[in-house]
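Keeping their order, the protein sequence lines are chains A and B. Numbering of the first sequence is given in the working numbering, commencing with residue 1 and proceeding in unit increments. Numbering of the second sequence is given in the working numbering, commencing with residue 1 and proceeding in unit increments.
Because the hints were derived from the structure by calculation, they are not lab data. Some clues are possibly wrong.
Said to hold, decoys possible - Derived, one-sided and incomplete: chain A residues facing chain B with beta-carbon distance under 8 Å: (1) F56; (2) K58; (3) I62; (4) F112.
Don't be surprised by glycine CBs; every beta carbon is placed ideally from N, CA and C.
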Amino acid sequence: MSREMGRDDFVISARSVFLNKGNRQKFSLLTLIIISIVILSLEYFKSGPVNQIRMFTKDIIIKSSYAASVPFKSISNTYSTVVDHFKMYEEYEKLKKAERKKQNLMLENNFFKEENQRLKKLINEKNLYNDEFYITKVLLDQKSPYLRSLLINKGFKHGIKLGAAVRSGSYFIGKIVDSNYLTSRILLISDLNSKIPVIIEPGSISAILSGTGDHELGQIEYLPENINIEEGGIVYTSGSDGVISSGIPIGKIILENNMIKVDYFTDFTQINFVKVYYKK
Amino acid sequence: MSIINKTYSKFLSIFPVVILFISVLSNSKYNFIYDENYLSFYISYVIIFFWSLKRPEYFGYGFIFFAGILNDVIQNNPLGISSVEYLLICVLTAFVRRRIILQNLMYDWVFFLISILIVGSINYIILVYIFNIPIVYNSLLLGLFATFLIYPIFAKILSWIDNIVQVSINDKKNQ
Chain A
1 MSREMGRDDF
11 VISARSVFLN
21 KGNRQKFSLL
31 TLIIISIVIL
41 SLEYFKSGPV
51 NQIRMFTKDI
61 IIKSSYAASV
71 PFKSISNTYS
81 TVVDHFKMYE
91 EYEKLKKAER
101 KKQNLMLENN
111 FFKEENQRLK
121 KLINEKNLYN
131 DEFYITKVLL
141 DQKSPYLRSL
151 LINKGFKHGI
161 KLGAAVRSGS
171 YFIGKIVDSN
181 YLTSRILLIS
191 DLNSKIPVII
201 EPGSISAILS
211 GTGDHELGQI
221 EYLPENINIE
231 EGGIVYTSGS
241 DGVISSGIPI
251 GKIILENNMI
261 KVDYFTDFTQ
271 INFVKVYYKK
Chain B
1 MSIINKTYSK
11 FLSIFPVVIL
21 FISVLSNSKY
31 NFIYDENYLS
41 FYISYVIIFF
51 WSLKRPEYFG
61 YGFIFFAGIL
71 NDVIQNNPLG
81 ISSVEYLLIC
91 VLTAFVRRRI
101 ILQNLMYDWV
111 FFLISILIVG
121 SINYIILVYI
131 FNIPIVYNSL
141 LLGLFATFLI
151 YPIFAKILSW
161 IDNIVQVSIN
171 DKKNQ
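Whole structure, please, built from the sequences with the hints as guidance.
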C-alpha cells in the first residue's frame, strides 16, 4: 500500500515538474526539452535549407554575442590598462636601463669605427666602400625557379655601378648585375647564378654562398675541409671580392640532410623598397 | 519612486539572468590547462542549479533554453545540447524542490554533484556516441569535479546577491 503511495507521489511530482508552469514561466520544461531535442536532431542535416537556417541563426547569435561582449571586453581592456599603469614605473625602469645600455654600445661602436679608420690610414688602405645609398622602389619582381631578380628605378645616371651591394633593411639581398640609364637589375642571392663570398661567424670561416632558386634557403659551398659548422651561425658578406662591403648580415646557418644551408633573414617575396649603395 | 530607484530595482530583478548570460558569453575565460588536461569550470551549471533550486521565479526556462543555444554557438557544440543539459538541471532541481522541505548547503552540494554527473554523462554520451565528437574524458571529469569543489563559494556569493534582490523586492512591495 505504502509502496503504491510512494510510486503515485513520484508520478505526481514528475508530472508537476515537467508539465506545470511556475511563476513567470511561459513554457513548461517538457516543451522546451522537446524543442531542444528537435534542434539537436536537426544537427544531422548538414545541407539543404535546414543548414542554411542554422547558419543564419548562428550568424545572428554570433553577431549579437559580439555586440553583447563589447562591454565585457572594454571592462577587461580597462583592467589591462590599469594593470599596465601600475606596471609603468617598473617598465620605465627597465627601458631606462636598456636605453643606457644601448647608448653605451653606440658609443663603443663609434669608438671602434674611428679606431678602424685611423688604423686603415696608418696602413694606407683605401676605403673601397661607400656608405651612401639610395632608397629605391622595386619596379618589377621577376620570379621563376631559375630567375630571381628585381628591377629598380635608379640607374647609372644616379651613380649606380655594376656589382653594387643592395640591402633590404639591414640585410644583404643581392647585387647590381645590369645598370641602365634610369633603371638597374638586381640579382638576388637566391638566384641560381648568384655566388657571393661570405664569412661564417663564429670562427670567421670563409666560403661561398650559392643561390638555389629557393627564396628561403641558400647553400654554402667551397668550405675548407674538416671544418665543423654549427647550426645557428650567422653568415655575413666577407667583402673579399672588393666590391661588396664586408660584414653585412645575410642569414643563419641551418643543417639539413648533412648539407649546410643558409636561412635568409629577408623574405624575398615581400620586398618593395631596397637600399642601393653607390660611389660618388 | 525616482527613476534611478526604478531602474535599480528593475536591474536587480533581471540580475540573475544577466549573471547567467555573462557566464555563458565569457565561458572561454574559465578554461585552464592542468596536467596536460583542459580544466573547465562549468559556472553556468552552478548558476542554473542555484537559482532554479532557490528562486525558480527569477528566470524563466525560456531564458535558460536561450542561454544553452547561445553557449552552443559560442562553443561550437551541436545546437541544442547545452539547452538539454541546462533544462535537465532544472528538471532535477524542480524534482528536489518538490520532495525536500528543508534545504541546507550540504544537501545542495551533494545533490549538485549528482546532478552534474548525470548532465556530464548525458553530454558525453550525446557528443561521443551520437555526434562522434572526440572528448577527453579526463578533462570532462576533472572539470566537473572542479565545478563541484567551487560550488559552496559560488553558493555563498549567489545567496548574498539573492538577499540584495529580496530586499529590493520587499522594498518595492512596501511602497
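Hints versus structure:
1. About 12 Å separates the beta-carbon of A/F56 from the nearest beta-carbon of chain B, more than 8 Å, and the hint is not met.
2. A least Cβ separation of about 5 Å between A/K58 and chain B falls short of the 8 Å threshold, and the interface hint therefore holds.
3. The closest approach between the C-beta of A/I62 and any C-beta of chain B is roughly 6 Å, which is under the 8 Å cut-off, so the hint is satisfied.
4. The interface hint given for A/F112 is violated, since its Cβ lies 48 Å from the closest Cβ of chain B, which is over the 8 Å cut-off.
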